[in-house]
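2 protein chains.
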Amino acid sequence: MEPLDPHGMTFQVVATAPDCSARAGLLWTAHGVVETPAFMPVGTQGSIKALDHRRAQELGAQILLCNAYHLYLRPGIAVIEHFGGLHRFLGWFKPILTDSGGYQIFSLQQLRRISTEGVEFRSHIDGSLHFFTPERVIELQRVLGSDIMMVLDECPPYPAEHSMLEEAVRRTLLWAQRSLAAFRATGSRYGYRQLLFGIAQGGTSTALRRQCLEELCQWDFDGFAIGGLSVGEPTEAMYEMVALSTELMPPERPRYLMGVGTPENILTAIEYGVDLFDCVLPTRNARNGQLFTTRGKINIRNARWRFSDEPIDPALDHPVSRTVTLGYLRHLFLAGEITALVLATEHNLAFYHWLLATARRKIQDGSFRHWKRSFLERIRQTAVESS
Amino acid sequence: MEPLDPHGMTFQVVATAPDCSARAGLLWTAHGVVETPAFMPVGTQGSIKALDHRRAQELGAQILLCNAYHLYLRPGIAVIEHFGGLHRFLGWFKPILTDSGGYQIFSLQQLRRISTEGVEFRSHIDGSLHFFTPERVIELQRVLGSDIMMVLDECPPYPAEHSMLEEAVRRTLLWAQRSLAAFRATGSRYGYRQLLFGIAQGGTSTALRRQCLEELCQWDFDGFAIGGLSVGEPTEAMYEMVALSTELMPPERPRYLMGVGTPENILTAIEYGVDLFDCVLPTRNARNGQLFTTRGKINIRNARWRFSDEPIDPALDHPVSRTVTLGYLRHLFLAGEITALVLATEHNLAFYHWLLATARRKIQDGSFRHWKRSFLERIRQTAVESS
Chain A
528 MEPLDPHGMT FQVVATAPDC SARAGLLWTA HGVVETPAFM PVGTQGSIKA LDHRRAQELG
588 AQILLCNAYH LYLRPGIAVI EHFGGLHRFL GWFKPILTDS GGYQIFSLQQ LRRISTEGVE
648 FRSHIDGSLH FFTPERVIEL QRVLGSDIMM VLDECPPYPA EHSMLEEAVR RTLLWAQRSL
708 AAFRATGSRY GYRQLLFGIA QGGTSTALRR QCLEELCQWD FDGFAIGGLS VGEPTEAMYE
768 MVALSTELMP PERPRYLMGV GTPENILTAI EYGVDLFDCV LPTRNARNGQ LFTTRGKINI
828 RNARWRFSDE PIDPALDHPV SRTVTLGYLR HLFLAGEITA LVLATEHNLA FYHWLLATAR
888 RKIQDGSFRH WKRSFLERIR QTAVESS
Chain B
528 MEPLDPHGMT FQVVATAPDC SARAGLLWTA HGVVETPAFM PVGTQGSIKA LDHRRAQELG
588 AQILLCNAYH LYLRPGIAVI EHFGGLHRFL GWFKPILTDS GGYQIFSLQQ LRRISTEGVE
648 FRSHIDGSLH FFTPERVIEL QRVLGSDIMM VLDECPPYPA EHSMLEEAVR RTLLWAQRSL
708 AAFRATGSRY GYRQLLFGIA QGGTSTALRR QCLEELCQWD FDGFAIGGLS VGEPTEAMYE
768 MVALSTELMP PERPRYLMGV GTPENILTAI EYGVDLFDCV LPTRNARNGQ LFTTRGKINI
828 RNARWRFSDE PIDPALDHPV SRTVTLGYLR HLFLAGEITA LVLATEHNLA FYHWLLATAR
888 RKIQDGSFRH WKRSFLERIR QTAVESS
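Which chain is which? The protein sequence lines are A and B, in order. If you count the first sequence from 1, you need to add 527 to reach the working numbering. If you count the second sequence from 1, you need to add 527 to reach the working numbering.
I should point out that these hints are in silico values taken from the structure, not numbers from a laboratory. Please read these numbers as outputs of a predicted model, since none were measured by experiment. It is possible that part of the hints are untrue.
It does not matter which identical chain is meant; a pair holds if it fits inside one copy or across any two.
Unchecked claim - Only pairs whose alpha carbons sit at most 25 Å apart, straight line, appear in this in silico SDA-like list of lysine to any residue:
id, residue 1, residue 2
1, Lys824, Ala764
2, Lys824, Thr543
3, Lys621, Asp892
4, Lys824, Thr537
5, Lys824, Gly645
6, Lys824, Glu662
7, Lys621, Asn829
8, Lys621, Pro846
9, Lys621, Glu585
10, Lys621, Phe834
11, Lys621, Asp844
12, Lys621, Pro841
13, Lys621, Tyr766
14, Lys824, His689
15, Lys824, Leu771
16, Lys824, Gly714
17, Lys824, Ser548
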């Protein structure tokens, strides 16, 4: 396990772009340093869908996202406690961020009651009744032993009435404060430091986002997240909220845009000063046969690839991307082979990690904004040609 | 590509057991040497189910089995020809054996007509009508470019009338002879040598097996296979047929027992002098949650493993077997994660390759029979304790 930075620092900005808010940073956790901007593969239930996390680490994953709500329901917190925390349960000894599950609970179809105290919900697995409070969610994440814990927040749907957004902001702020108190009142179970990030809500309302962030950022969270976006709002509205949020966030703390997004979304958010990302897009779309490449998106089931002996993406320094051909991968998809899902997932994550690592390098050499523009033009251009 | 053995040899026995017919050998192919006894993972459609063949190679797979019938139907022979053969299509540059598809065709539910000329069948994918002759199947495998080609044979079900077995032997022998003639009349497409193995049938009839093998083994095949077993007959009958077959086969040619089997089946057949094996058992059972280990079989879904932080099999020198815990793997199975299938497959194949490599070492040091007995006793014992 790597020691914390000797100066006790959590986050350090090591380079900023000369012509935009993009920054390259280092985020210290008890299980190692994360070079930001960084993409966190989604391992909701403790596993990246269709990819052994050993492989994800080889292709550049620095930090894994898991979900406290899902792991609480299955395998159950007693199992993970017995193992001595999530790192040992998974066999992943690099950093882990656990989402609280707020987003999942508020997306549940099952009966739930929200009160100031907390949220009552039914398990999506067996319908059993559960009650989460901000304090309980901190406690769960203490048992999980994640390096970065997220507070319980209320994530309203899109679109939502202004009054509903207002109420969600009020509750999210109240819960954030209680989470921070619970965090301070409790200690690590396993002898290493855990960080706590606050989450801002406010939908696409400039006024509510501003109000939420102005209050949230006064509190001493280790990092700040932008929640409640990428839930169906127009892309321009999302960009506006991200730009507003990063302006209001303290520059010396890491910034995390939750659940976003496409390569274009991520590069734009980096331009506005976001440091951390997670999204199911590269893994979910891989399983549907959509590949992200440096030449744009590829629908691998398309008949045009039948005879193609081109590799998926020779520009990437990853064996699967450089050697598996489009024709072979298409065959595996049409034949219904599980290996098709594995190879596509491995490639898409290799692409996402390449994208973030390249963005970081371009920030450091001062060419990020220029590179971003020409890269996005190039992949859009290829997409037009392929369609 | 490794050169052929300088003496033009295909197979060499390098050690024989002092107290049974087990032997350790080297099988030279255009894509490298196979150390026998060896297990061939099944990659029917050009992919091991749930495991990237790059991983299989890392854990000890020396030769991959694919199926000419399946690949002929999908992606179609034109695709593989365009790629320059199966090795390039798959990106697997070690030896490949292709089964002719006889077994698959004779298992088809769809309408088929068998004549002396060949077999008419309907595709299991789209119902289209196809006709295979022994000559056509050699031609297909010339295009596939497999290192070891198998003749088209007739595999009757179990149980079968004696007259049906007789007819199958007659046809299988006729087809074997025509296959050999077609093999001699054609050349390699890609400039390297391909081998051709004959297949013996005869069900569990001693007389028919003997008759079939006595004729088949007079012909100059590069190796000989025992077909038509592991189709439902009692284990003892299978062992009897294997013992009889290996006695009749020329000692200087490799012997392949098709579609077998459990660890016990394989070790017993090795004792009788078999060199090559393939079976879906390690991969199929992995996907059903059954693990083969040096401590016996494990049903990973069993509640007894819920809190187990034991690794799957610490006796194996493979990262997945040594580090993935039973409790974690059980969780992935119950949660329906694709990674569960991948990890279980990876472990089961690691176990099978360990089993065969260990058998080979024990043959070389003269202790095979003793080791086999005590190993099987141990895994049977543990199975009793677990049940």
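The hints, checked one at a time:
For a Cα distance limit of 25 Å, the shortest separation of Lys824 from Ala764 inside one copy, 24 Å, qualifies, whereas the shortest one across copies, 56 Å, does not. When the C-alpha separation of Lys824 and Thr543 is checked against a cutoff of 25 Å, the pair qualifies neither within a copy, at 30 Å, nor between copies, at 56 Å. In this assembly of identical chains, Lys621 and Asp892 lie within 25 Å of each other by CA distance neither inside one copy nor across copies; the values are 27 Å within and 43 Å between. With identical chains, the CA atoms of Lys824 and Thr537 are never at most 25 Å apart, being 36 Å at best within one copy and 47 Å at best between copies.
For the homomeric pair Lys824 and Gly645, neither the shortest alpha-carbon distance inside one copy (42 Å) nor that between copies (46 Å) is at most 25 Å. In this homomeric assembly, Lys824 and Glu662 never come within 25 Å of each other (Cα to Cα): the closest approach is 43 Å inside a single copy and 43 Å across copies. Taking the shortest alpha-carbon separations for Lys621 and Asn829, neither the intra-copy value of 38 Å nor the inter-copy value of 30 Å comes in at or below 25 Å. For the homomeric pair Lys621 and Pro846, the shortest alpha-carbon distances inside one copy (23 Å) and between copies (17 Å) are both at most 25 Å.
Proximity of Lys621 and Glu585 under a CA criterion of 25 Å is satisfied in both settings, with 12 Å inside one chain copy and 24 Å between copies. Proximity of Lys621 to Phe834 under the C-alpha cut-off of 25 Å is restricted to the inter-copy arrangement: shortest distance 23 Å between copies versus 40 Å within a copy. In the homo-oligomer, the alpha carbons of Lys621 and Asp844 lie at most 25 Å apart both inside one protomer (22 Å) and across protomers (23 Å), since each shortest distance falls under that limit. In this homomeric assembly, Lys621 and Pro841 come within 25 Å of each other (Cα to Cα) only across copies, at 23 Å, whereas the closest approach inside a single copy is 28 Å.
In this homomeric assembly, Lys621 and Tyr766 never come within 25 Å of each other (Cα to Cα): the closest approach is 31 Å inside a single copy and 50 Å across copies. Proximity of Lys824 to His689 under the C-alpha cut-off of 25 Å is found in neither arrangement, the shortest distances being 37 Å within a copy and 59 Å between copies. Proximity of Lys824 and Leu771 under a CA criterion of 25 Å is satisfied in neither setting, with 30 Å inside one chain copy and 58 Å between copies. Proximity of Lys824 to Gly714 under the C-alpha cut-off of 25 Å is found in neither arrangement, the shortest distances being 46 Å within a copy and 42 Å between copies.
Taking the shortest Cα distances, Lys824 and Ser548 never come within 25 Å of each other, neither inside one copy (27 Å) nor across copies (57 Å).
Checked against the numbered hints above, the structure violates hints 2, 3, 4, 5, 6, 7, 13, 14, 15, 16, 17; every other hint is satisfied.
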